[in-house]
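If you're matching them up, the sequences are chains A and B in order.
In this text, residue positions in the first sequence follow the working numbering: the first is 1, and each later residue adds one.
In this text, residue positions in the second sequence follow the working numbering: the first is 1, and each later residue adds one.
Any given hint could be a false lead.
Listed below are the simulated DSSO-like cross-link pairs for lysine-lysine, each with C-alpha atoms no more than 27 Å apart in a straight line [unchecked claim]: (1) B/K43 with B/K65; (2) A/K88 with A/K24; (3) A/K54 with B/K266; (4) B/K266 with B/K239; (5) A/K102 with B/K61; (6) B/K65 with A/K102; (7) B/K43 with B/K131.
Please keep in mind that the hints were generated in silico from the structure rather than gathered at the bench.
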Amino acid sequence: MNLIINHSSMQPIYEQISGQIKEKIIHNDLIEGSCLPSVRTLARELRISALTVKKSYDILEQEGFIITVHGKGSFVASANQELLAEEKRREVEAELEQAIRKGRSCGLKDSEIRELFQILLEEG
Amino acid sequence: MIQLYNISKQYPGFQLQCSLEVPPNRVTALIGPNGSGKSTTFKAILGLIHPDSGELRILGKPVSKLTVSDRTLLGVAMSDSCFSGYLLIQDIIPILSQMYPTFQKEYFLEKCRHFNLSLTRRINDLSTGMKAKLKVLIAISHQARLLILDEPTTGLDVLAREEVLDMLREYMLPGDRSILISSHISGDLEGLCDDFYLIHDGRILLHEETDTLLDCYGILKVTEEQYHTLDSSYLLRKKRESYGYRILTTQKQFYQENMPELVIEKCNIDEIILMMTKGEVL
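From just these sequences and the hints, can you work out the full model?
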């Protein structure tokens, strides 16, 4: 599987992996029912700890993107449009949150942030 | 696979006192500076020295109860031992076949070809890198369930090191296998091991999963003034620097979120060793 790990990024490696696999599922590069590499195989390919890969798979499973069948492997779950939309929503939410945090840390009042947001919305 | 509970061994001027565990399907690293007790721990695990007290189980049995056939499930490479240097590589094939009923001759030959280990070379004439590869190859060629490797990558160049580690990654693929591996430099093990034990002066200073070390641990670089305002809940060690302090934290995320003005760095495992062994306790 073509995943690119950035070891100098502050984003934890397990998040990078689960994020990229999610991306592939959302963009249909990984279709429903396709089999993911085993934890050890992926760990070997990426030269990282198997526990890290396991953690990424656990997250994907919890969020409903993949299903792990004991002794058989992990498979891409049926593409749930709602789930995908929810995922996108969460991403947007996280980025907005970050923008708000940045605004507050440089001294903007909440009303000013709201105003900025309103202006940007209207412009777009 | 391996369980050590409060093993202690007293030598003049050195005391080993440690507990560690290697569960199935795990690659565990034992790291620490030279003379910190890594080899002593390995010798205790293999029954080469007898601990003064504590409990030690390998593959679920006390070491003294291991039978000959239990021992064939182990693959071992110690740092300063190998077959007699006067033997040719081909001479060790019948020895291994006799010792280990599960010895995979074809696999061994194929790997020798792959690494350009000529069967008619004397072990003494091999370069450091070749010898290191041969030792690991000997340890893994009989499909052991548990590998115990004492500093298998010491003294190797980057290329040879990666080749040795790749062999170990391949070894882990079938599952239900474990490795205990030691090193005094750990950078090379970050990409292989699942968890790390840091040993220093005969004691375990730290035990964490690789993930936690790389994702949660970090270095804060703070000025004297910043140091006094710092919430010290997640700080482990500090070290004086010209600008103030270098501090090892177990929760870099916490400081990133609460004090965005701080300089926070990701740290690698070598830095963690340095800070843990040389830094001041907070």
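Taking the hints in turn, this is what the structure says about them:
This hinted pair checks out: B/K43 and B/K65 have alpha carbons roughly 16 Å apart, not beyond 27 Å. Between A/K88 and A/K24 the alpha-carbon distance is near 13 Å, which keeps this suggested pair within the 27 Å criterion. About 22 Å separates the Cα atoms of A/K54 and B/K266, which keeps this hinted pair within 27 Å; it holds. For the suggested pair B/K266 and B/K239, the alpha carbons sit about 16 Å apart, so the restraint of at most 27 Å is met.
For the proposed pair A/K102 and B/K61, the alpha carbon gap of about 57 Å is over 27 Å, so the pair is violated. Taken as a hint, the B/K65 and A/K102 pair is broken in the structure, with Cα atoms around 63 Å apart against an allowance of 27 Å. For the proposed pair B/K43 and B/K131, the alpha carbon gap of about 21 Å is at most 27 Å, so the pair holds.
Going down the numbered hints, you'll see the structure goes against 5 and 6, while the others check out.
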